[in-house]
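Enquirer: Input sequences plus hints: build the corresponding full structure.
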Amino acid sequence: MNRFARNMLARASGGSVALSRVWPGRTDRLIIAPHDLRTADATRAAEIYAGRFVFAGKIVNCHGRSIFDLDPPSEDWEVALLGFGWLRHLRAADTALTRANARALVEDWISNPANKRRPVARRADVLARRVISLLSQAPLVLNDTDNKFYRRYLRALGREIRLLRYTMVDIPDGVPKLQVLIALCYTTLCLANQASHIRSASKKLSDELQRQILPDGGHISRNPGALIELLIDLLPLRQTFAARNIAPPPALLNAIDRMMPMLRFFRHGDGNFALFNGMSATPSDLLATLLAYDDAHGAPMANMPHTGFQRLDAGQTTLIIDTGPPPPAGVSHDAHAGCLSFELSSGISRIVTNCGMPTTGRDNWRPFARGTAAHSTLTYHDTSSCQFVEMSAMKRLLHGAPITNGPADVESYREVVEGGTLLTASHDGYLAKFGVIHRRVLMIANDGARIDGEDTLSPPQGARLKGADADFALRFHLHPAVKASRLSDARGVMLVLPNRDVWTFEALDDKVDLEDSVFLAGNDGPRRTAQIVIRQDARQAPSIRWSFVRSSASPSVTNARRNARREPELPL
1 MNRFARNMLA
11 RASGGSVALS
21 RVWPGRTDRL
31 IIAPHDLRTA
41 DATRAAEIYA
51 GRFVFAGKIV
61 NCHGRSIFDL
71 DPPSEDWEVA
81 LLGFGWLRHL
91 RAADTALTRA
101 NARALVEDWI
111 SNPANKRRPV
121 ARRADVLARR
131 VISLLSQAPL
141 VLNDTDNKFY
151 RRYLRALGRE
161 IRLLRYTMVD
171 IPDGVPKLQV
181 LIALCYTTLC
191 LANQASHIRS
201 ASKKLSDELQ
211 RQILPDGGHI
221 SRNPGALIEL
231 LIDLLPLRQT
241 FAARNIAPPP
251 ALLNAIDRMM
261 PMLRFFRHGD
271 GNFALFNGMS
281 ATPSDLLATL
291 LAYDDAHGAP
301 MANMPHTGFQ
311 RLDAGQTTLI
321 IDTGPPPPAG
331 VSHDAHAGCL
341 SFELSSGISR
351 IVTNCGMPTT
361 GRDNWRPFAR
371 GTAAHSTLTY
381 HDTSSCQFVE
391 MSAMKRLLHG
401 APITNGPADV
411 ESYREVVEGG
421 TLLTASHDGY
431 LAKFGVIHRR
441 VLMIANDGAR
451 IDGEDTLSPP
461 QGARLKGADA
471 DFALRFHLHP
481 AVKASRLSDA
491 RGVMLVLPNR
501 DVWTFEALDD
511 KVDLEDSVFL
521 AGNDGPRRTA
531 QIVIRQDARQ
541 APSIRWSFVR
551 SSASPSVTNA
561 RRNARREPEL
571 PL
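Numbering follows full-length UniProt numbering, with no gaps: position 527 of the sequence shown is 527.
There's no promise every hint is true.
No more than 16 Å apart at the CA atoms, straight line, and that leaves these computed lysine to aspartate or glutamate pairs for EDC-like [to be verified]:
hint, residue 1, residue 2
1, Lys511, Asp471
2, Lys433, Asp471
3, Lys58, Asp76
4, Lys433, Asp469
5, Lys204, Asp173
6, Lys58, Asp524
7, Lys511, Asp537
8, Lys58, Glu75
9, Lys511, Asp489
10, Lys58, Glu47
11, Lys58, Asp71
12, Lys148, Glu107
13, Lys466, Asp537
14, Lys483, Asp513
15, Lys483, Asp516
16, Lys483, Glu515
17, Lys466, Asp428
18, Lys433, Asp382
19, Lys116, Asp69
20, Lys433, Asp409
21, Lys483, Asp501
Cβ pair distances, simulated, as ranges [unchecked claim]:
hint, residue 1, residue 2, range
22, Leu163, Ser200, 13 to 21 Å
23, Glu390, Asp295, 45 to 53 Å
24, Ala104, Glu515, 50 to 58 Å
25, Ser488, Leu70, 51 to 59 Å
26, Ala96, Asp295, 37 to 45 Å
FYI, nobody ran anything at the bench for these hints, they're computed from the structure.
Think of the CB as a built atom: it goes at the ideal place given N, C-alpha and C, for glycine as much as any other residue.
Expert: And the structure:
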């Protein structure tokens, strides 16, 4: 690119061109290959050799054709294919056959210029993953190869890197932007004739880490899954700096040190993350790998004031509560309207959850999953506490549906009181439209055997509710492993956990319903489950008190005690 073109691009991009500019220096030698922390499965190599590509729950058989010439069954499948992360499975097998297979597939990709014009192939996050994969799996592809293929491979890699730099002009904010900067930082460390650009790439990555990783270690998007996505690349990057005998930038080290404790903050006793703001099924293999790098091994922190979450631990019981406003609009494409929602677990059993997001086919469920009704909190007049972009044209322009309006004033306060810990929180997400503030009070007993809650809707002092509609619903979505039965007095629900522990939900002043729900974040896809629902009118009953109590009795004894009052069990 000549100087005139670079200057024009700089004006158009408003300063982003520093990352888009083609850095001088030929890519003629690979100095080091970064380590890939993602789990590799050698048995997958045989499937790939047989022409069976299994990604995102879909299977495609090549039948002798190029896998890149076939129509993808889904966008998630295509993202996995074009990210080239599957090369690690071939490397895990480590045979002459798998190495030859890897070379043939890469050759197939680089020999067809049409591949680079595929829209998904040019997506910033897919490009970043492909560049990192081609760098980290270079020993597999280049082992025992001739000089001609070696040069072709590096030239193709250079083209991918240049395209990656151009994407910085119009890249979605948040995790994709960090992924691109991480990939570009890798290129300066791993390739020859790039040493003079290490400082520049490190500086840009450092600036973005300082902006996106909040002081308490959470990500600016408030999605717990972003921590796993980023750390799985940041930890090997730190190792790559060390392998080159170059001091890692302090911002990189500080970001990792802040993020690692957050892995334990969001974990339930069964090892899975709480389902907030786009979190789907927890990649347990990646999480276990990351936790092996955690040197602290202490108790999780109780409060994330910058990211906006609280954690209450007592005995074997854990509550994780969303006490923050929605993230900035530019990084809110996956954010949910779940303010003041919570998740409850006892030991290794999750009891109350949010619906979460599926791992694949997210677009089909996104409108429902992001709504307040998909969370264990209060929904006023069947309306979400956040508003999202709805026009299709705007969604295309903004790369999704960010939050346009939501709670602005979210307050939370916790204190140790006699007998337990008390958390008081409120949000104003319904104030502008309905004139009410939602206030939630939670108390967990010191032994974790009882959680008391109160949800209240009230106008600000001196104001009145707006409009004629004042109906609301209080929801508690149950994990699909919980067996729920409504009590005969319609004031409670008996909950039997997989380990046969029994909990009872009660709201003695209100009618309690047990309705269908869906758990979206299962490893095997969406699963049917149940939800506890209490419906009321804010003018007639602005406050609802409820409790979860662990029973010391076995299910059979509890059944006997409740037999006279129980209704028949609901089939789940």
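Enquirer: For Lys58 and Asp76, compute the direct alpha-carbon distance and say whether it is at most 16 Å.
Expert: Distance ~9 Å between Lys58 and Asp76 Cα, so the pair holds.
Enquirer: Need the status of pair Lys483, Glu515: alpha-carbon distance at most 16 Å?
Expert: 13 Å, holds
Enquirer: Given the hinted pair Lys483 and Asp501, is their Cα-Cα distance within 16 Å?
Expert: 11 Å, holds
Enquirer: Starting from Lys433, check that the Cα of Asp469 is at most 16 Å away, please.
Expert: 11 Å, holds
Enquirer: Should the hint that Ser488 and Leu70 are 51 to 59 Å apart at their CB atoms be regarded as holding?
Expert: 58 Å, holds
Enquirer: Regarding the pair Lys511 and Asp471, is the alpha-carbon distance no greater than 16 Å?
Expert: At roughly 14 Å apart (the allowed maximum being 16 Å), Asp471 and Lys511 satisfy the hint.
Enquirer: So the hint says 50 to 58 Å: do the beta-carbon atoms of Ala104 and Glu515 match that?
Expert: 54 Å Cβ-Cβ, so the 50 to 58 Å window holds.
Enquirer: Could you say whether the range 45 to 53 Å given as a hint is met by the Cβ separation of Glu390 and Asp295?
Expert: At roughly 46 Å between Cβ atoms, Asp295 and Glu390 fall inside 45 to 53 Å, so the hint holds.
Enquirer: Taking 16 Å as the top limit, are the C-alpha atoms of Lys483 and Asp516 close enough?
Expert: 13 Å, holds
Enquirer: Measure nothing beyond the straight line between the CA atoms of Lys58 and Asp524; if it is 16 Å or shorter, mark the hint as holding.
Expert: 12 Å, holds
Enquirer: Need the status of pair Lys58, Asp71: alpha-carbon distance at most 16 Å?
Expert: 12 Å, holds
Enquirer: Going straight from one Cα to the other, do Lys58 and Glu75 come out at no more than 16 Å?
Expert: Between Lys58 and Glu75 the Cα gap is close to 11 Å, so the pair holds against 16 Å.
Taken one by one, the earlier hints all hold for this structure without exception.
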